[in-house]
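*Asks:* Fit chain E to the given chain R structure using the hints.
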Amino acid sequence: MASSRENTADQTSLWGLAPYPVIMADRSGTVLAVNDAAGVLLKGAASGVSMADVAPAWLAEAHRDVCVGTVPATRTDGDRTAPASVSGRIAANSFEAHPSLAPDGSVVWWLVDDTDRRLAEEALATERERTRFLSEASNVLLASLNTGRCMAATAQLAAEYLADVAVVVAPATGGKLPLARAVDGKAAERALLGADPSDLPGLAEALQGFPPVPSRWIDPAALPAWALPQDFTETIGSVVVTPLPGHGVPAGALILLRRSGSAQFSENEEVFARLFAARAGAALSAARLYSEQSAITQTLMRDLLPPTLQRLDGVEIAGGYRPAGAAEQVGGDFYDVHPGIAATDASLVVLGDVCGKGLEAAVLTGKIRNTLQALLPMADDHERMLRLLNGALLNSYHTRFATLVLASVQRAGNEVRLRLTSAGHPHPLVIRADGTVEHVPTRGSLIGVLPTIEARTVETVLRPGDTCLLHTDGFTEARGGPLGDEMFGDERLRQALSECADMPAEAVVDRIQMLASQWVRNGPHDDMALIAISAPHTHHLSAVNGHTRGRYTA
Amino acid sequence: MNAPTLVTSTEELRDQLWEAVTSRDEYRAAGIVFTALDNGMDTETVLLDLIAPVQTKVGTEWAANRLSVAQEHAASAITERVIAALAHHPAPRTPPTRGHITVACVDQEWHSLPARLLAEVLTLRGWRVDFLGAQVPTQHLIAHLHNSGAETVALSSSIPTRLPTAHAAITACQAIGIPVLAGGAAFGHDGRYARLLGANAWAPDARAAARQLTDGIPAPNLASGRHQVDDLPHLADQEYTLVARTQPQLVKTVLVQLEDRFPAMAAYTAHQRERTAEDIAHIVEFLTVALYTDDDDLFTGFITWTAGILTARHVPARSLHPALDILAAELKDFPRATRLLDQARFALDRAPTTTGSHPGAPA
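Listed in order, the protein sequences are those of chains R and E. The numbering used here puts the last residue of the first sequence at 554; the count rises by one with no breaks. The numbering used here puts the last residue of the second sequence at 1363; the count rises by one with no breaks.
Excised from the complex, chain R in its bound form (with noise of 0.2 Å):
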């Protein structure tokens, strides 16, 4: 034993120069030796004391277990193997133990301070998250430019990473505040609430733009009921309120709140809350703009789309449209109905081809329909008709021109009396009952050229199962077909409408619209338009058109 002290005081003196707090203790757990730095380290630690009395409690457990055997041998130091380390905090500071088992059983604690590697790790940890979260946040928030998803997207992710409860107030609209309300990470709910702002402190000052309120002038019992989701009854202990910045107008607020078990937002949090407003303001005001800009373009473009046809006193009328870029909904192509004005007159329908496509062309056809529509009391002339519009359209800025038909549709008992004239316009086509296709020889100058038109008015009558069909171009010049290069042509349309005897108006449409789109598969075409009027197919009038109960009538 003598000798193993003498080792034992050799070994203290070494220890001494360590740059390490080193303790020693025997299988009892009776400290043997301290050095200097262990000394300072641990209050009151000296030989002959208990390890219990003087290690925190994780120390004095490792070394019992180490003693005991229970700890695998997972260190190896040359050929000898040493038990696990262990870590855990003395003080204010983290540390590693390293144990080394002497010959005579007793255990050599080696104690390392890692407190700055521990808290550069976790520091590393917490970026990392923050990171993949504003990462996750981002491809969120990008994804809708619809302001109420938007909305609720922004407090779900807030109410996973930021809070407890999160609630995204939008600027009010009409006197009422849209809300989206979440927690913990769940799916927000949506509201709008006749809220004033100004119950919650900093949260007016935020939907203006002002900078936040930091989170400890907020008191939690100051939070309006609104602002807490609906069936939430727990007790609010903190309160951030963040303003969500848009493109140069606020693009609303962020509330985040923690229930009063949780810690209080740290100064930390608050500045990475405003990064993610930040981003959620972004997308948000994106989605505004592009509701604001989608509603002004509905507006305008309202008058452009063709119209919504129905049965004319029991005349099928149908229409077909596609516009030649899939982004649009109008072009250059349009047509028209209007019912006669008395019972008794004719109605007169109108299809047409503004010269371009796009947008531009689109006003030009908006011009021509309302110009034909303050026309209509002379419908009874075409020609009459179509020299006044000459006359708009050559006063006009634009330097476009038009072709386009008329057609003056009557019924008289089972059949339909037309009066049809073409402006430069393709021909009408019948397609009889019996299959034959045959043109209607109307035809006249195009619109908006020349000082003066004329125009010939041709009559045909429609007997049951008869359909007269008004096309534009598009059709006969689209580019398609097996082969990718052929043009549609006059003969594959009189072929395709001669397979259409006796087929309702609606089918016609449908059915050209098909082929057409067949032939053009995935390629450019122009505009298309096209309009189909039969004569009834029996002696019954309208049975069903959609808008009445639909009963036999007659």
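It is possible that part of the hints are untrue.
As the list claims (entries may be wrong) - Derived EDC-like pairs: lysine to aspartate or glutamate, alpha-carbon spacing no greater than 16 Å straight-line: (1) K1252/E x E1274/E; (2) K367/R x D345/R; (3) K1252/E x E121/R; (4) K1252/E x D1215/E; (5) K186/R x D231/R; (6) K1252/E x D485/R.
Said to hold, decoys possible - Rough simulated footprint, nothing fancy, chain E against chain R, three-plus residues with beta-carbon under 8 Å: (7) 233-245; (8) 272-286; (9) 335-342; (10) 350-362.
Said to hold, decoys possible - Just a sample of chain E residues kept apart from chain R, beta carbon distances all over 10 Å, derived: (11) W1018; (12) G1040; (13) Q1212; (14) A1266; (15) I1309; (16) A1312; (17) V1315; (18) D1342; (19) Q1343.
Quick caveat, the hints were computed from the structure, so don't treat them as lab data. Note that the structure is predicted; figures quoted are calculated from it, not measured. Idealized CB from N, CA, C, for every residue including glycine.
*Replies:* The following block gives chain E in isolation, referenced to the frame of chain R:
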């Protein structure tokens, strides 16, 4: 004397409706449907057990050459009108209390009736429904979703050749966070193509679709940022791209070589020649989609179905062989195309030439 039976069975009503729509008698068709409603049949049953089966029969009868194109279109038009008129029947209606659904057909899909029936059924069950109709370009669908804020899209496609377009539409909807319920014959009788293309759900019929929507379809995960090619890694071999881009040239080559092999074709009229070119174009189109989905059954199924159609129209089905042989020679450097063509030729030799329902049949 027996009193006349007042209640007619659904099957009898179906036969009557079939008679009416195929003889172009809209008034009788409407009468049958309204009488059924007045006799207490509920609107959903009228739509799904009376109208829908008749419409399916229109498709199969056309395939069997027992119905002309004109009759097929006329029947569909009449059905459309009757459905529209149903909306005005005083049968009890449900106010919209459930979620907001958009129902649309994929671009270039003109069979809108299945989607129309679904839209009507969902409305009846209390959903708020936007029905966008046939041939909805993906851009319009997405713009509509941004504006309307609908929660789910029900996407319909009847023809398998629209599957690549359907895939683009599915991924586009999911990219803006909206789940897609796929339906229609194009997605396969068991929904295999819906799964392949990553649709969030698939339903074989309107009732199943309504059930799935009620159960809730989880929203796609936006955080992952998925691409079309992630669903179909085989697209990386570029076979689909190369064949799809040269479709017209392939059709031309096959047509020219067929004329070399069969001098009789020189006597074809322009019309006959065009029909032949169309048939070839159809084969190439299905081959292209089979390359997209990498699915043997899709192409083989089409070839045997076409053989059936040809037989019904008194054209020998073996006339398909030379076209497939020429395609195989032209595409010999494309391993997947070669595999598909081999499978199809093998199946054609064994196939009993009967007509039946097929994904390509108009629904």
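*Asks:* Run every hint past the structure and note whether it holds.
*Replies:* Okay, the hints, checked on the actual structure:
no. : hint              : verdict
1   : K1252/E x E1274/E : holds (11 Å)
2   : K367/R x D345/R   : violated (25 Å)
3   : K1252/E x E121/R  : violated (66 Å)
4   : K1252/E x D1215/E : violated (50 Å)
5   : K186/R x D231/R   : holds (14 Å)
6   : K1252/E x D485/R  : holds (11 Å)
7   : 233-245           : violated (count 0)
8   : 272-286           : violated (count 0)
9   : 335-342           : violated (count 0)
10  : 350-362           : violated (count 0)
11  : W1018             : holds (17 Å)
12  : G1040             : holds (18 Å)
13  : Q1212             : holds (18 Å)
14  : A1266             : holds (18 Å)
15  : I1309             : holds (17 Å)
16  : A1312             : holds (18 Å)
17  : V1315             : holds (17 Å)
18  : D1342             : holds (24 Å)
19  : Q1343             : holds (24 Å)
Violated hints for the displayed structure, listed by number in ascending order: 2, 3, 4, 7, 8, 9, 10.
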